[in-house]
Amino acid sequence: MADKKLVIVESPAKAKTIEKYLGRTYKVVASLGHIRDLPKSQMGVDVDNDYEPKYISIRGKGDVIKSLKKDAKKASKIYLAADPDREGEAIAWHVSHILGLDPKAKNRVVFNEITKDAVKNAFKTPRGIDMDLVDAQQARRILDRLVGYSISPLLWKKVKKGLSAGRVQSVALKLIIDRENEIKNFTPEEYWSLDAEFQKGRSKKFSASFYGLKNKKQALKNNEAVQKILGQVDKTKPFAVTNVVKKERKRFPSPPFTTSTLQQEANRKLGFRTRKTMMLAQQLYEGINLGGKLGTVGLITYMRTDSTRVSNVAKTETSHYLHEKYGEAYAAVKIRQGKLQEGAQDAHEAIRPTSTLRTPDSLTAVLDKDQMKLYRLIWSRFVASEMTPAIIDTVAVTLDQNGVTFRANGSQTKFEGFTKLYVSSRDSDQKDNILPPLAVGDDVKMLKTDPAQHFTQPPARYSEANLVKALEENGVGRPSTYAPTIETIQKRYYVKLNARRFEPTELGEIVNSLIVEFFPDIVNVKFTANVESELDRIETGEADWVKVIDQFYKPFEKEVAHAETGIAKIQIKDEPAGFNCDICGAPMVIKMGRYGKFYACSRFPNCRNTKAIVKEIGVVCPKCHIGQVVERKSKRNRVFYGCSRYPDCDFVSWDKPVGRDCPVCGHFLVEKKSKAGTQVVCPNNDYKEALQKA
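Residue numbering for the sequence shown follows UniProt numbering, starting at 1 and increasing by one per position.
Honestly, the hints are just simulated from the structure, not real lab data. Note that this is a predicted model, so its numbers are computed, not measured. Note that CB positions come from ideal geometry on N, CA and C, so glycine has one too. Be a bit skeptical, because a hint or two may be false.
Only pairs whose alpha carbons sit at most 25 Å apart, straight line, appear in this in silico SDA-like list of lysine to any residue [stated by the list, open to error]:
(1) K120 <-> E248
(2) K16 <-> N409
(3) K40 <-> K420
(4) K597 <-> F556
(5) K269 <-> E671
(6) K217 <-> R202
(7) K431 <-> S644
(8) K597 <-> K431
(9) K174 <-> E671
(10) K420 <-> G410
So the derived label-pair ranges between C-beta atoms look like this [claimed, not checked]:
(11) I56 <-> L357: 29 to 35 Å
(12) P153 <-> G541: 57 to 63 Å
(13) K673 <-> R249: 22 to 28 Å
(14) A225 <-> E575: 44 to 50 Å
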């Protein structure tokens, strides 16, 4: 290999793809991510010496480092081709340190997509390691270590072992708990709606809603107000059409995905967890084997980005595709530039397919089901972003009688535009509502009224998508941190998912209350967002990383000292379970564990008997007809149903049995839940009962 050039990337999948593009004169190897990091057993940051980090080789990476050094000695030239972001720059810097390379030497190669042209062009213009990017990543790592390794030991001493606190996770937890408190303290208020059905002659019937009196908007607070309005209406006389406003409205497509918007839309549309979305996106980015001469090809551009910028090459290719596929009317004429989120780093393009011509349908044989779902989402969103707007004709009609005003709104899609290909999850419920031809002076007859009582609803608990959106809008963390943050607060059992919504646990509320009291800045959204902005300024060379950390750490250090003496030890008391241990006869208690509450013997550690807390659903097991069906949780915290006699009876079901059998085949019936509501179905055939709307 003496004459070969060595290229070092992070992952083996990426290495195989790039080696194929570069040819025989190159050897491409993987560092398998970071090879150096701060030690786990100690703080690893010298706060008295400009926050100097103490890096050590990561345990288990000895063979990788040895192999890299061996390959480097034989190489004629070494290139560092880690991912094109802060993390990738830091990995390249650590590798250069291990191999004794000069960081200023032109051996750093970056590319935004793993395609033959992009990779080959990147190797024509290598550069030195960007120390501003390295310092930005290093500052975040050190700051998070200072926070985590200062607060976590306090929680271990004062509350419970195994707990943790972090700069971003503490804000995420507080957002969830604040929302829960809003829900608990919410007082519903009564209000009424008054809809009515109208008809002009024999034309199509249409609906209109009460607007107000004498064309001035008025709310209906109770039934008395509704009856008063109805008392003013003379049912023997028609309503007059007093105003008709027709407009043409344009709906523009959403920009292509950033990391955050991809995470949100994949959660809403596909039901993917944030970590799953990023894992699949990584696979699509690093390359899929397309077979034949093509081999492995990266299908999407780099998936960690907060920019919506798109290259002109990609725009041109997409324009040609749209002209051929849909015609000139559907291809956007002007180049549409996306907006940048405040503080966004415009280092990369938006997430898009590396070639529009690789349609989802052309890849059905090479992508698995979940890869296909995500690729189709990314491809469709990007191509739609280069299409013309949808054109919608709207009409607003005002109806009056005796000073009582009703309004009807109609809409009809005049031209599909981008909606022919893609509709976002936010707009998926928009449908045409066509009104009959109406003109000022027309008389319409009120056929019937439909008053309805309503109550204001509390805000909904956060879903993963909404939590990601809230973190991004508040400037807390960065998109690449959202997946590990969400995973951490669940692993620590600070929150749990119920019907895909986050609920805080008792443990989460205890931890949050301590952090709010003793470390108010950590959970202050504005303060945390300002820290993020300062960290971003390091990346652009506008701020010194030591000064940024010092400004944060000096006051934080005093808070830690105060908390050491101010936090009283909290005992999470065991609750009596109400029955005795079936091994030793001592009373059983309910304990709080890492994954929630469980039954344990009160004589622990002398008796280690434990039992899971299960919830009976009032249905006899359809398999053994002896045990009760109970609600259980999988290792991934997903609810499923099983027999209380397990392991004697191995009945399991992901869907909740209802205690009745199918009238067609005799199989047990289950509940299927969706956004629309709950429906009883037979898993063995097409039998379905009426949908109970949510």
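Cross-check of the supplied hints:
{"no.": "1", "hint": "K120 <-> E248", "in the structure": "48 Å, violated"}
{"no.": "2", "hint": "K16 <-> N409", "in the structure": "58 Å, violated"}
{"no.": "3", "hint": "K40 <-> K420", "in the structure": "52 Å, violated"}
{"no.": "4", "hint": "K597 <-> F556", "in the structure": "33 Å, violated"}
{"no.": "5", "hint": "K269 <-> E671", "in the structure": "21 Å, holds"}
{"no.": "6", "hint": "K217 <-> R202", "in the structure": "30 Å, violated"}
{"no.": "7", "hint": "K431 <-> S644", "in the structure": "47 Å, violated"}
{"no.": "8", "hint": "K597 <-> K431", "in the structure": "46 Å, violated"}
{"no.": "9", "hint": "K174 <-> E671", "in the structure": "34 Å, violated"}
{"no.": "10", "hint": "K420 <-> G410", "in the structure": "21 Å, holds"}
{"no.": "11", "hint": "I56 <-> L357: 29 to 35 Å", "in the structure": "47 Å, violated"}
{"no.": "12", "hint": "P153 <-> G541: 57 to 63 Å", "in the structure": "35 Å, violated"}
{"no.": "13", "hint": "K673 <-> R249: 22 to 28 Å", "in the structure": "35 Å, violated"}
{"no.": "14", "hint": "A225 <-> E575: 44 to 50 Å", "in the structure": "49 Å, holds"}
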